[in-house]
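**Q** Chain residues, written in single-letter form:
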Amino acid sequence: MIALLAEVPYWGQSLLRVLGGLVAVLLPAGTIVYVFLFKMMSFMQSRLGPMEAGPYGSMQLFAEVGKWLQKEDIVPDRADARIFKMAPIIVLVSTFLLVVVVPFGPEAWFTDFETGVFYALAVSSVSVLGILIAGWSSANKYSLLGGLRAAGQLIAYELPMVLAVMGVVIQAGTMNLQKIVVAQNTGSMFGIDAIGHPYVISQFFGFIIFMIAIQAELTQAPFDMPIAESELVSGYMTEYSGFRFLIFFIGEFATAGVFAMIASVLFLGGWGVPFTWFGWTSIDDVANWMNFVGPLIMFTKMMLLVFIIMWIRFSYPRLREDQLQRFAWKGLIPVALINIMVTAILKVVF
Amino acid sequence: MAKVPGLVKGLGVTLGTLFKTTVNGSNTVQYPHEKETPPIRSRGVIALHQDNCTSCMLCSRSCPDWCIYIEAHKELAPPRREGGKPRQVNLLDRFDIDYALCMYCGICVEVCPFDALFWSPEYEYSEPNISDLLHDKTKLSEWMETVPEAPELEAGADKKKK
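Those protein sequence lines, which keep their order, are chains A and B.
Yeah, the first sequence ends on 357 if you go by the numbering used here, and it's all consecutive.
Yeah, the second sequence ends on 202 if you go by the numbering used here, and it's all consecutive.
The following block holds chain A by itself, in its conformation from the complex (with noise of 0.2 Å):
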């Protein structure tokens, strides 16, 4: 693929990488929302969900975007407008800069950032801040709360989060995301090579503290209570309407997809696949499909992930601010640190 790219001047390898980005991010997103929101939501309820537009309902996504796009853009009297505008923006901009640094391939990356987990961590942070300022410049109290329930929540489950994956580095000896794939894929459990070495097996305590805290950082139920329906309306969204509330919606299922593939990349093993099947023993042998046929794994392993989030989100009621707050605080962290305490003590003793 680079061999490919070299060919290309510059400005068209970077609309390339814009086009790819967009197709990252918003392909998994769509068939999130159909495949999970739609369908497996209503059969989880004994119903089928859309079916009208097209086969199965699977235009009902066109329909819906439609719908919003042509809806009238309000925004509140009082609120500061030009902030209130932006807010859904960053939301949606802090997903796509995520994306950049999840390899799909052996050469098939964005940038391949030597501290590709740090930068990820960074800027998944960044969203809190659309959150925040949406809440605060809607003029509303619901909004108010519910930004301010969603700031406490993502700063609360970050730390988790960020101490969960730092097993993982401790582990894999290395912060760029294209070297844990590969320290996975290369790896040998108790000798066999047979699975490689995906880190779900080792870190399974960061990888459970790892899939509660993004489940919390993406506001899926049993952590929802920044838009809180039944309490706040609709939280910091509230008083969206239109295509500003579609970006949020969309924002919110494409971070969805992008954190189960920073998840999959981190403890699942990315796009490859155990280098010994093919006789492979570094990322030099890898054969040029793999640049194909990796995002195709990667999206499988994304799916997985994202099945199991919504499961969880369809299945569990709402928890309660202070027990959400106690459970980060009190069961989350410490649980993470003496992940890390165990990690590092075995990785000097082995």
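Don't take each hint at face value.
Claimed, not checked - A few chain A positions that, by computed beta-carbon distances, are all more than 10 Å from chain B:
| no. | residue |
| --- | --- |
| 1 | G37 |
| 2 | A60 |
| 3 | G73 |
| 4 | W75 |
| 5 | F125 |
| 6 | I162 |
| 7 | M182 |
| 8 | A190 |
| 9 | A235 |
| 10 | W318 |
| 11 | V349 |
To be verified - Okay, derived cross-link-like pairs now, DSS-like style, lysine-lysine, Cα gap no bigger than 30 Å in a straight line:
| no. | chain 1 | residue 1 | chain 2 | residue 2 |
| --- | --- | --- | --- | --- |
| 12 | B | K43 | B | K60 |
| 13 | A | K354 | A | K337 |
| 14 | A | K92 | A | K74 |
| 15 | B | K177 | B | K114 |
| 16 | A | K74 | B | K75 |
| 17 | A | K337 | B | K43 |
| 18 | B | K75 | B | K179 |
| 19 | A | K186 | A | K74 |
| 20 | A | K337 | B | K60 |
What the hints assert, rightly or not - Derived DEER-like restraints, expressed as beta-carbon distance ranges:
| no. | chain 1 | residue 1 | chain 2 | residue 2 | range |
| --- | --- | --- | --- | --- | --- |
| 21 | A | T307 | B | G46 | 48 to 58 Å |
| 22 | B | P104 | A | V133 | 52 to 62 Å |
| 23 | B | F59 | A | I81 | 37 to 47 Å |
| 24 | B | P45 | A | E236 | 48 to 58 Å |
| 25 | A | A146 | B | G50 | 47 to 57 Å |
| 26 | A | E14 | B | L47 | 46 to 56 Å |
| 27 | A | F69 | B | V53 | 26 to 36 Å |
| 28 | B | P79 | A | E236 | 33 to 43 Å |
| 29 | B | F59 | A | K78 | 35 to 45 Å |
| 30 | A | R333 | B | E74 | 47 to 57 Å |
Calculated from the structure, these hints are not laboratory results.
Because the structure is a prediction, the values reported are computed rather than measured.
Note that beta-carbon positions come from the ideal geometry of N, C-alpha and C, so glycine has one too.
Got chain A; can you put chain B on it based on the hints?
**A** Showing chain B alone in chain A's frame:
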């Protein structure tokens, strides 16, 4: 057997329903394409048997929503027996029910002493305009066709005297 934690059990319920819906189909019906048959004595709409109505106004007066409008005039009918006096009968000019007001309590059906009002299971009579929900006696009589037969009397019950 050890007690299954509620969190796990809840996940099991949703996953079980997911598979059940995939295999057996959903509990819901794709309405305009396929229709559920309503239970035989369901309260869909009130039908009028015009010949039985004596315009006694009991239904209209007992209606909590005042949604029944009746107008009638008196006429002379031939006597029942030879040489008798001509009978006086009430003929309906208007019998309207406003289904925008009706709350389907069924008091009018209960209160009618001459078996002129019945429940029909018909339910597809929604209108785009609210004023079109005022139905007149012709429409109400059409619904008589879908009224089910009265259930059999219980054993030992008094037969209606003719």
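**Q** Give a verdict on every hint.
**A** Now for the hints, and whether the structure bears them out:
Here G37(A) stays apart from chain B, with its beta-carbon at least about 21 Å from theirs, past the 10 Å limit. Remark: the non-interface label on A60(A) is consistent with the geometry, its nearest Cβ contact in chain B lying 13 Å away (cut-off 10 Å). No beta-carbon of chain B comes within 10 Å of the beta-carbon of G73(A); the shortest separation is about 22 Å. No beta-carbon of chain B comes within 10 Å of the beta-carbon of W75(A); the shortest separation is about 25 Å.
Listed as outside the interface, F125(A) is consistent with that label: its C-beta sits roughly 33 Å from the nearest C-beta of chain B, beyond the 10 Å cut-off. Interface exclusion of I162(A) from chain B stands, the closest Cβ pair being 25 Å apart, more than 10 Å. No beta-carbon of chain B is positioned within 10 Å of the beta-carbon of M182(A); the least distance is around 34 Å. Interface exclusion of A190(A) from chain B stands, the closest Cβ pair being 32 Å apart, more than 10 Å.
With a least beta-carbon separation of about 19 Å from chain B, A235(A) lies farther than 10 Å from that chain, consistent with its non-interface assignment. A cut-off of 10 Å between C-beta atoms contradicts the statement that W318(A) is not in contact with chain B; the least separation is 7 Å. With a closest Cβ-Cβ approach of about 25 Å to chain B, V349(A) is found to remain outside the 10 Å limit, as its non-interface label requires. Distance hint between K43(B) and K60(B) is fulfilled; the C-alpha atoms sit about 24 Å from each other, no more than 30 Å.
Only pairs whose Cα atoms come within 30 Å are accepted, and K354(A) paired with K337(A) is accepted, the gap being roughly 26 Å. The suggested pairing of K92(A) with K74(A) holds, with an alpha-carbon distance near 19 Å, which does not exceed 30 Å. Restraint check for K177(B) and K114(B): satisfied, since their Cα atoms lie roughly 18 Å apart, inside the 30 Å limit. Taken as a hint, the K74(A) and K75(B) pair is honoured in the structure, with Cα atoms around 28 Å apart against an allowance of 30 Å.
Our distance criterion of 30 Å between C-alpha atoms is met by K337(A) and K43(B), whose separation comes to about 26 Å. A distance of roughly 23 Å separates the Cα atoms of K75(B) and K179(B); the hinted pair therefore holds under the 30 Å criterion. Using a Cα cut-off of 30 Å, the hinted pair K186(A) and K74(A) is violated, with the two alpha carbons roughly 44 Å apart. A hinted pair counts as satisfied when its Cα atoms are at most 30 Å apart, and K337(A) with K60(B) does not qualify at roughly 39 Å.
Checked against the given bound of 48 to 58 Å, the beta carbons of T307(A) and G46(B), roughly 31 Å apart, lie outside it. The given range of 52 to 62 Å is respected by P104(B) and V133(A), whose C-beta atoms sit roughly 60 Å from each other. Range check, F59(B) to I81(A): about 43 Å between beta-carbon atoms, so the 37 to 47 Å window is met. Between P45(B) and E236(A) the beta carbons are some 27 Å apart, a value that contradicts the proposed interval 48 to 58 Å.
Checked against the given bound of 47 to 57 Å, the beta carbons of A146(A) and G50(B), roughly 39 Å apart, lie outside it. Range check, E14(A) to L47(B): Cβ separation about 55 Å, and the 46 to 56 Å hint holds. In this structure, F69(A) and V53(B) meet the distance hint of 26 to 36 Å, their C-beta atoms being roughly 33 Å apart. The beta-carbon spacing between P79(B) and E236(A), approximately 34 Å, falls within the hinted interval of 33 to 43 Å.
Taking the beta carbon of each, F59(B) and K78(A) are about 38 Å apart, inside 35 to 45 Å as hinted. In this structure the hint that R333(A) and E74(B) lie 47 to 57 Å apart at CB holds, the actual value being about 49 Å.
The earlier numbered hints that this structure contradicts are 10, 19, 20, 21, 24, 25.
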